[in-house]
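My request is simple: use the sequences and hints to build the entire structure.
Read top to bottom, the protein sequences are chains D and S. Take the first sequence: its letters are residues 1 to 302, numbered as in UniProt numbering. Take the second sequence: its letters are residues 1 to 302, numbered as in UniProt numbering.
Simulated from the structure, these hints should not be mistaken for lab results. Every value quoted in this text rests on a predicted model; they were computed, and no experiment measured them. Heads up, the beta-carbon is just placed ideally off N, CA and C, and yes, glycines get one too. Errors might be hidden in some of the hints.
[As the list claims (entries may be wrong)] Residues of chain S clear of chain D, computed beta-carbon distances all greater than 12 Å:
1) G24
2) G71
3) E95
4) L158
5) T160
6) S185
7) A243
8) C258
9) R262
[Said to hold, decoys possible] Now the stretches of chain D that chain S is said to cover, found in silico as 3 or more residues with beta-carbon under 8 Å:
10) 44-57
11) 124-136
12) 211-221
[As the list claims (entries may be wrong)] Some, not all, of what chain S presents toward chain D, calculated at C-beta under 10 Å:
13) H104
14) L225
15) F234
Number of protein chains: 2
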Amino acid sequence: MPTIAYFGPQGTFTEQAARSLARGEHLVPADTIPAAMRAVRAGAADAACVPIENSVEGPVAATLDGLAEDGPLVAVTEALLAVHFSVLTREDAGEIRTVASHPHALAQVRHWLEANLPGAEPVATASTAAAAVAVQQGQYDAAVTAPVAVEHYPLRVLATGVADVADARTRFLLLRKPGTLPEPSGHDRTSVVAAAAHSTGSLAGLLTELAVRGINLLRLDARPLKENFGYYRFFIDFEGHIAEPRVGDAVAALRRRCNNVRFLGSHPRADGAPSAVEPGTGNDDFTDAADWVDAVRRGERA
Amino acid sequence: MPTIAYFGPQGTFTEQAARSLARGEHLVPADTIPAAMRAVRAGAADAACVPIENSVEGPVAATLDGLAEDGPLVAVTEALLAVHFSVLTREDAGEIRTVASHPHALAQVRHWLEANLPGAEPVATASTAAAAVAVQQGQYDAAVTAPVAVEHYPLRVLATGVADVADARTRFLLLRKPGTLPEPSGHDRTSVVAAAAHSTGSLAGLLTELAVRGINLLRLDARPLKENFGYYRFFIDFEGHIAEPRVGDAVAALRRRCNNVRFLGSHPRADGAPSAVEPGTGNDDFTDAADWVDAVRRGERA
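Below you can see the structure in the form of structure tokens.
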């Protein structure tokens, strides 16, 4: 059975994402995001499930850095999870005086706590799952956790669907070593990371290579290079699949323009939104134009 | 005396930055980044000191969002601080069995802890300063804090300059309501936030407006719009001061192209790096060219 390493511990949103992306496979928690990636690179796992982007917090720095460094990994599928927390207590819980969770989770349910558990003191733990463990051990009275936590820790569910921002979402990737790519679906995301030359207009040049081919940008994140503050690498997501002529042409142009481009995957988007294609920039347009140039070169057309 | 609200509590890196940016002024901690900004908007404080970017973690989401929403605030100066932690204990401390700090701080000193306090258990707290309080109260044995913490909490300094990544740095801004701008220095940063039209090539178009004027990009962050995952606003920093002809010209072009542009400040860069100017894109070039067009319009030149 294939083994999937996920950013643990058990009972977090990433486990929940791994279950949806790798149904029935053997799931193993890793201590950190880099550790989950290392497991795949070392062959100890077949794939890794990690968060990439949250609609409130933004990009997940450790995932971006991990994709750019060491051996290449490629995303083959993605999941989009609503960030709705559960609040768990012990069966024998009396008055709730302390509520534990990761500081980010506590920040995302502050209004709910003020309205529903106004007397309870928030307490920081290293993860949402660590909060569940601490409640189980009697250290605190309630934990703010991912819904899946209750399947690991025998606690009482006090509330579900808890979130101050109703439509907060996190996107997760399933990463593998380079191999057969998923088939194009018509609603794909292609991702690359590029270290643009440090000269005026270099990023504008990269994005223009996409724009002139009618390719819609999905996201762009700049990450500082650790060794040189003020220098960045760019994570660029755009519509389409590298198997398509228009996308292959654009990715080749990025490769020409950059010191360093790494392909991070072409796979269907979880939201199913189809790629936009502007007049003159469809795959048929690219194929027809290339055929015409070939015919001109052979002296058959003009 | 002017009052400066900073993202607290007392004893964190932001207090340290506020001390360096607003020497001798009255510093008041705020509970959150939005609360520090609200204090300025409401007139309760003259300025706010908040973190904007860390070389390891990336941009500070709460600061970016706070700059784009509600009443406008403008950065007037910046500080760049090395993220070097201190490790504090009680005077009477015996063996160190627990080390408390914010999870991000613990992550940044993990190797140091493994090498120097191998038996100690890391414990998460809501902030680095909360860890110092917990140590003072006897709850834990050691705290990983900002260097300034020891000035508020009478603890013993076990180690200073602690950091796994030696040159990790955080940049902080001092924000005010719009008013007189700092004078151009020749090594300035100008910042704007723009909601680009959701059409293919819109971001490429914005960056090209900078590139064709020879203006070097300093950073670019995309932040998802909370109400609409997949739509972004762009925080764009570039070299130069809006008082310069070349920069004013570029900012006017961004204003034309976008639904919504907000000016976030022009002020000297903490690293003092001078702005690059390419041939034909200096301020004199812009002024001379505009004068020539005026003369042509008057029929005096051709």
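* Asked: Do three or more residues from the stretch 211-221 of chain D put their C-beta atoms closer than 8 Å to C-beta atoms of chain S?
  -> holds (count 10)
- Query: Taking a Cβ-to-Cβ distance below 8 Å as contact, does the stretch 44-57 of chain D have at least three residues touching chain S?
  - Reply: holds (count 4)
Notebook entry, point to check: Looking at T160 (chain S) again, its CB stays over 12 Å from all of chain D?
Noted result: Correct as stated: the minimum Cβ-Cβ distance to chain D is 22 Å, above 12 Å.
Once the closest CB in chain D is found, is it more than 12 Å from E95 (chain S)?
holds (22 Å)
**Message:** Can you verify the interface hint for H104 (chain S): is its Cβ closer than 10 Å to any Cβ in chain D?
**Reply:** OK, holds: H104 (chain S) within 10 Å of chain D, min 9 Å.
query: Can we confirm that no CB of chain D comes within 12 Å of the CB of A243 (chain S)?
result: holds (20 Å)
Item to complete: Take a quick look at C258 (chain S) and tell me if its Cβ sits farther than 12 Å from every Cβ on chain D, holds or violated.
Response: Non-interface label on C258 (chain S) holds, nearest chain D Cβ at 15 Å vs cutoff 12 Å.
Over 12 Å from every CB of chain D: does G24 (chain S) meet that, or does the non-interface label fail? At roughly 29 Å from the nearest Cβ of chain D, G24 (chain S) sits farther out than 12 Å, so the non-interface label holds.
Interface hint for F234 (chain S), Cβ within 10 Å of any Cβ on chain D: holds (8 Å)
- Query: Do three or more residues from the stretch 124-136 of chain D put their C-beta atoms closer than 8 Å to C-beta atoms of chain S?
  - Reply: It holds, with 4 qualifying residues against the three required.
| query | Minimum Cβ separation between S185 (chain S) and chain D greater than 12 Å? | reply | holds (17 Å)
(message) Beyond 12 Å on every Cβ pair: is that true for G71 (chain S) relative to chain D?
(response) holds (21 Å)
Hint compliance for this structure: every hint is met.
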